[in-house]
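A.B. asks: Heads up: the protein sequence lines correspond to chains A and B, in order. Residue numbers 1 to 114, in the numbering used here, belong to the letters of the first sequence in order. Residue numbers 1 to 114, in the numbering used here, belong to the letters of the second sequence in order.
Simulated from the structure, these hints should not be mistaken for lab results. Errors might be hidden in some of the hints.
Stated by the list, open to error - Cβ pair distances, simulated, as ranges:
#: 1; chain 1: B; residue 1: E58; chain 2: A; residue 2: K18; range: 45 to 53 Å
#: 2; chain 1: B; residue 1: K54; chain 2: A; residue 2: K57; range: 28 to 36 Å
#: 3; chain 1: B; residue 1: D55; chain 2: A; residue 2: E69; range: 41 to 49 Å
#: 4; chain 1: B; residue 1: P82; chain 2: A; residue 2: K18; range: 38 to 46 Å
#: 5; chain 1: A; residue 1: K53; chain 2: B; residue 2: G16; range: 26 to 34 Å
#: 6; chain 1: A; residue 1: D59; chain 2: B; residue 2: E42; range: 21 to 29 Å
#: 7; chain 1: A; residue 1: T83; chain 2: B; residue 2: L94; range: 26 to 34 Å
#: 8; chain 1: A; residue 1: S67; chain 2: B; residue 2: F46; range: 24 to 32 Å
#: 9; chain 1: A; residue 1: K3; chain 2: B; residue 2: S52; range: 24 to 32 Å
#: 10; chain 1: A; residue 1: T112; chain 2: B; residue 2: Y39; range: 18 to 26 Å
#: 11; chain 1: B; residue 1: R109; chain 2: A; residue 2: R44; range: 17 to 25 Å
#: 12; chain 1: A; residue 1: G16; chain 2: B; residue 2: G60; range: 48 to 56 Å
#: 13; chain 1: A; residue 1: S82; chain 2: B; residue 2: G16; range: 43 to 51 Å
#: 14; chain 1: A; residue 1: T114; chain 2: B; residue 2: T95; range: 33 to 41 Å
Even for Gly, the Cβ is constructed at its ideal location relative to N, Cα and C.
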Amino acid sequence: DVKVTQSSRYLVKRTGEKVFLECVQDMDHENMFWYRQDPGLGLRLIYFSYDVKMKEKGDIPEGYSVSREKKERFSLILESASTNQTSMYLCASSLLGLWATEQYFGPGTRLTVT
Amino acid sequence: DQQVKQNSPSLSVQEGRISILNCDYTNSMFDYFLWYKKYPAEGPTFLISISSIKDKNEDGRFTVFLNKSAKHLSLHIVPSQPGDSAVYFCAASLTSMGAQKLVFGQGTRLTINP
Chain A
1 DVKVTQSSRY LVKRTGEKVF LECVQDMDHE NMFWYRQDPG LGLRLIYFSY
51 DVKMKEKGDI PEGYSVSREK KERFSLILES ASTNQTSMYL CASSLLGLWA
101 TEQYFGPGTR LTVT
Chain B
1 DQQVKQNSPS LSVQEGRISI LNCDYTNSMF DYFLWYKKYP AEGPTFLISI
51 SSIKDKNEDG RFTVFLNKSA KHLSLHIVPS QPGDSAVYFC AASLTSMGAQ
101 KLVFGQGTRL TINP
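Isolated chain A, as found in the complex (with noise of 0.2 Å):
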């Protein structure tokens, strides 16, 4: 089975702070990505991972950064935590091809920005 761990259920940090999410999968999946989930409006993509060192923006990047340096580890930065930032976060990993389409996802990260 797949298996997709974040560091963290539940996350308490306070406005200006620097966060750190951390995601790693067992799998040898090529790609990794990171959402957050916010009630009306589903899941949205932040940053998302194709190889080691590569990283491409998704569809909400801005107060992120995000760090790929081993294949099986995919990190979410936080440079400094805003309330608006207070959200469910979940990581994905998938393999590559046309052809794989389905994500695996981790329990998320239920982070409040205080």
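Go by the hints and put chain B onto chain A.
C.D. replies: Then chain B, alone, in the frame of chain A:
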């Protein structure tokens, strides 16, 4: 600009009856469509998908229908069971840099009543 829309935030169905969840999209370049199911405090899990060249795909109690001319897809669950109560997201796939990016709808909360 919401490219994938689920216009019903919630749906309530009697156990044993058919559940029909709907999804509309605007981008004719989407090549795959997927449905995900999400329980509280868990990440979304893949349910069923359909290629843009097909109009129907069936897997057990779940059937997805695609009407390309109307840019509409639907998920039918027959018969509905209490364990089907969850939030359902439809997603559409676009290829970018070798990765299949998913664009998600807002989600529909399905409640199955005993």
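A.B. asks: Next step is simple, just say for each hint if it's right about the structure.
C.D. replies: Evaluated hints:
1. B:E58 / A:K18: 45 to 53 Å: 48 Å, holds
2. B:K54 / A:K57: 28 to 36 Å: 31 Å Cβ-Cβ, so the 28 to 36 Å window holds.
3. B:D55 / A:E69: 41 to 49 Å: 44 Å, holds
4. B:P82 / A:K18: 38 to 46 Å: About 44 Å separates the Cβ atoms of P82 (chain B) and K18 (chain A), which means 38 to 46 Å holds.
5. A:K53 / B:G16: 26 to 34 Å: 52 Å, violated
6. A:D59 / B:E42: 21 to 29 Å: 23 Å, holds
7. A:T83 / B:L94: 26 to 34 Å: At roughly 31 Å between Cβ atoms, L94 (chain B) and T83 (chain A) fall inside 26 to 34 Å, so the hint holds.
8. A:S67 / B:F46: 24 to 32 Å: Holds, at about 27 Å.
9. A:K3 / B:S52: 24 to 32 Å: 30 Å, holds
10. A:T112 / B:Y39: 18 to 26 Å: Once the Cβ atoms are compared, 21 Å apart, the range 18 to 26 Å for Y39 (chain B) and T112 (chain A) holds.
11. B:R109 / A:R44: 17 to 25 Å: Given about 18 Å between the Cβ atoms, the range holds.
12. A:G16 / B:G60: 48 to 56 Å: 50 Å, holds
13. A:S82 / B:G16: 43 to 51 Å: 47 Å, holds
14. A:T114 / B:T95: 33 to 41 Å: 40 Å, holds
When each numbered hint is compared with the structure, a violation occurs for hint 5 only.
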